[in-house]
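Engineer: Listed below are the residues making up each chain.
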Amino acid sequence: MTSKGHLRMKMSVKLFGTLRERFLDYRHQDGIEVEVPDGATAKELLSLLKISESEGAVVAMEGRILKRDDKMQQGAQVYVFQAIHGG
Amino acid sequence: MKIIRVNMNKKTIRSEDVPQDYAGLGGRGLTSIIVNAEVPPKCDPLGPENKLIFAPGLLSGTPLVNTSRISIGAKSPLTGTIKESNAGGTAAAALGSLGITAIIIEGQAPEGELSYLRIDEKGDISLVSAKGYKGMRTYQLVEKILEKYGKKTSVLCIGPAGESMLTAASIQSSDIDGRPARAAGRGGLGAVMGAKGLKAVVIDQRGKSADLIADPEAFKEANKAIVKAIKEHPMAGQVMPALGTAGLVAPVNSMGAFPSFNARKGVFEGWEKISGEAMAELIKKRGGNPTHMGCAQCIVHCSNEFVDKEGKYVTSGLEYETIWATGGMCGIDDLDTIAKLDNLCDDIGVDTMSTGVAVAVAMDAGYKKFGDSAAAIEMVEEIGKGTEFGKILGNGPAAVGKRFNHNRVPVVKGQSVAAYDPRAMLGNGVTFATSPMGADHTAGNVVGEYLEQKLNPLNAEGQVEASRNLQIATAAADCTGICFMAYVALTTPEAWGEVVKAINAKSGTQLAPEDLIGMGVRVLKAEREFNRKAGFTNKDDRLPKFYYEEPLPPHNTVFSISDEKVDSTFDF
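The listed protein sequences derive, respectively, from chains R and V.
The opening residue of the first sequence carries number 1 in the numbering used here; numbering runs sequentially from there.
The opening residue of the second sequence carries number 1001 in the numbering used here; numbering runs sequentially from there.
The hints are simulated quantities; they were obtained by calculation from the structure and are not laboratory data.
Treat each hint with caution, since some may be false.
The calculated label-pair distances, taken between Cβ atoms and stated as ranges, are [claimed, not checked]:
id, chain 1, residue 1, chain 2, residue 2, range
1, V, Glu1049, R, Ser54, 46 to 54 Å
2, V, Ser1209, R, Ser54, 37 to 45 Å
3, R, Gln77, V, Gly1366, 30 to 38 Å
4, R, Glu44, V, Glu1550, 35 to 43 Å
5, V, Glu1232, R, Arg68, 18 to 26 Å
Computed list of lysine to aspartate or glutamate pairs in EDC-like fashion (alpha-carbon distance at most 16 Å, straight line) [to be verified]:
id, chain 1, residue 1, chain 2, residue 2
6, V, Lys1533, V, Asp1044
7, V, Lys1231, R, Glu55
8, R, Lys10, R, Glu35
9, R, Lys43, R, Asp70
10, V, Lys1565, V, Glu1461
11, V, Lys1208, V, Glu1269
12, V, Lys1454, R, Asp69
13, V, Lys1208, V, Asp1124
14, R, Lys67, V, Glu1452
15, V, Lys1002, V, Asp1211
16, V, Lys1454, R, Asp70
17, R, Lys43, V, Glu1452
18, V, Lys1454, R, Glu53
19, V, Lys1002, V, Asp1177
20, V, Lys1148, V, Asp1120
21, R, Lys67, R, Glu44
22, V, Lys1002, V, Glu1016
23, V, Lys1284, R, Glu21
24, V, Lys1152, V, Asp1177
25, R, Lys43, R, Glu55
26, V, Lys1151, V, Asp1120
Where is the CB? At the ideal position from N, CA and C, for every residue including glycine.
Isolated chain V, as found in the complex:
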């Protein structure tokens, strides 16, 4: 296993053995530990001192199912904090198969220079001029790259938003059909990639590393048990294939926690029109695919292929958070508009969540009317065109709030919240406030605890503990490369034991189940430490003021957990 260091000033590429300090880490564990160790905390995120790190999970590239998450880390230009954003697709498996533990992009290319990093079947790596791809949107870019290198190619890339260093810019990841429909959307990592002068990472999927699995027999056994656990789990085995994450529209609206009209209401009147059920039905009726395989080695198939009235492809992997941000938050109850916005965001290379919420803030400020589909599409198009307003929108909700002098901006540390209102799901508020990532639904989502009736979402009791435990567990899971959809089926002691067995069988280690949780603690501590050194304090672990003052219908409650209690989240 090796780490690849690419210096964008000097155009050098160096391969090194994984140093002791980084041994046994993968995914988010690796990106965050490296950022904390190597990036000056007060550096300019868009300057040469920042580093952009791509790390497949510990199990990525093995035959284990659902291990296709790639973590991307850096100091975020959106939040100013440490950042890890992970994406599905095929790149994690391709890198893992080549025995590459991480790629670290250092320095900065001279202004105006654009390259892509090519990794071929043998693992030979080169920087190639991307002059001809300048300003290109991601769908066209990936099509051209696949024409050149063949279909067995994985692409991680940025669109025009990343090249312009807009702070809501994403890094798009190609799926098994060669479409850049997966995204490391959060934290503006596309802007860091643009600042480095890197348009894409292009990886041959056929690479094979001889030393990938230490104990193949034990590994096979663990894989078998993990497949069984996933297949038998109601969420992973039934709901995800049928509806994908869009299945959350119904439960969250039923709980009055679906932030709509820029978080003025907790139930969106039109939610049944944009629910997972409605979407699956519409896709089926039009001849699209509601149960699509998006990522390498996936047995869950939570993705979908959304088609228009003529049956023509619009987008794939249309997710709950996107449906919320570009739908409910903007007062839009039309799936065709939402799918179009999803495709535009992927193509331009911006985070669907930050972008949808930025549009919602503009609407809330009176710039356009809530529910105006044409206006929403036009606004997002402006990001691609690089207009003055487009640049503001592409810098996310806080930039839009500033432009309109509007203070109802649902962000924490500059990053937009997700589709669970903190006033009606208090624990999610704790996670949004305290996660080292800024507001983040993937950093410790409490919604499952509410749905399983383990916790009352409106009662302050137990929320901090739930958020803490889930933040730790998620940080651990993010090290493995296992996607969240499969991970939920693996949280029982038996199944978690099988995950640990698989890691040990791969690496020849002797980890115990608690060691993996310990990894989550280590990662969170490193992230928190980086943020402290960057100047963040407990005072930054707060939600925007309106969550404490403005009751959310229908429950008409506010975020009621004291600052003191919130500050105890990281007491471990």
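For reference, chain R alone in the conformation it holds in the complex:
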């Protein structure tokens, strides 16, 4: 058996708002390919991307907003943006 953390999951992440500005070679059409440990959470993904809690970042996958402890899925299209309260 492989213990948690040994397997890796790949997913494509697209960044919105001002978050993309920190990745110099970011191309929106392609997004970023990210590898996280099996069972990684939304919080761990944000930490990997060096996006801090104070930036109001939101992770969305499969049409849903994830809670910080929700687990990421292999092969998912992930969107990360910042919370906006209305317009």
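Let chain R serve as the given structure and place chain V on it in line with the hints.
Structural biologist: Just chain V now, kept in the frame of chain R:
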């Protein structure tokens, strides 16, 4: 501080001290309390008994940042309810600086007579004939007024739609560049202004009232803390300057709640072409300005100046709701078309939301194809030209639905919903159903609760409570003159305390933070009371039938909150 009463029949202008019943109120608080006290609830909204009230917020006209919202209130000809619609620009600060708490327009000018109200630097007020401005669109009108009175002039005005008393007519507000690109769009208040025979309110921005701030030192301290809170907030300090409210296109589509093709789908295939990110990039590439200051004293800069391929100005303050209504709802994924439609609506003087949704309903009914940009532009042009179809369109989505005998009309109490589908954001459905304003995204928007993972948008639990709390908080914020973009940064107990400090320092009052929330409750109760007297019951607090029956992809859910639960929203 004073209230100005203008009688359009008698051509009289009276200045009075603020009476006790209206003391301590501003913005929406003032317009709604006055409408409830003085307007007969069953009156014809376009008749002489209705009153049109302009009220800057409690803090407008002070040096406090982001306090440039002006509330405009009346009985609405679109909804038949009480109405407050607020706009940015420069008028609120100009009126506040002159020590004017409210202008109340009463009566009705004889048919065919058109005037504008002029308020000069000293605060002297006169009614001037607007004969030469009859039928004029708003951009040309404001240009002419600024030529006459100089650049330091604020204008609130109507276009041909308002003069024709079309029920989706807006009141346009000039920005710091002297363009009428801001709007009190909702509820057809432009039609009320047209019915009064008032083309514009023209205010000198250089007026100064000696008694504006009771405790300048305390005020300065509060201002400093408020500036810091706004600058440090991720939405107000980062996202709004970069993208404006258009930044919502991505999150709302990602949640499957972006009503498109007249609310048949929750994700618009072309959303990445009309997102805030795409718009900012396009504007930058063409040499326009994606981070524009639209309102007096603004430090957020959520506005933009959209330019065409040649770099020529098209519109400014292109917002999320407009992008949705004239874009996604109509199946249009072209920003140039959307910007053109925004400009046309501002120029003709109609609400971009009601108009976009009205076009979408016509398309849904088969009148034109979804995605047909040229047809959409032509349809909106017809409002300006005053054709028979243009008049129907300018009366909003319900009028269009009736014309085509089409029942998929996304309105509550006659007013179109906003860019958050009630089937995928249940709390927004509660707000749309129960707000005294009719469907309204500014009356208690729950989207932030979902994005901050405080609430699951698809689960009925907690939605009514969230809507209730936000309706109260928004009503309170709407009294202050502070714009929503800054307000979101001021909801922590510390920052909210600073807002209350600023109000106390200005007015010499001793309000506690909960008193300001109490003001929100008082305002909502007054609004609800007016609607009850006008004949509205709980049965009017319902969404259109299709929201309960037609699942919205991709989640394939319907609006699932019981009538009983919805009716408990105002249990306070």
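Engineer: Run the structure past the numbered hints and jot down the numbers of the failing ones, going up.
Structural biologist: As far as the earlier hints go, 11 and 19 are violated by this structure, in ascending order.
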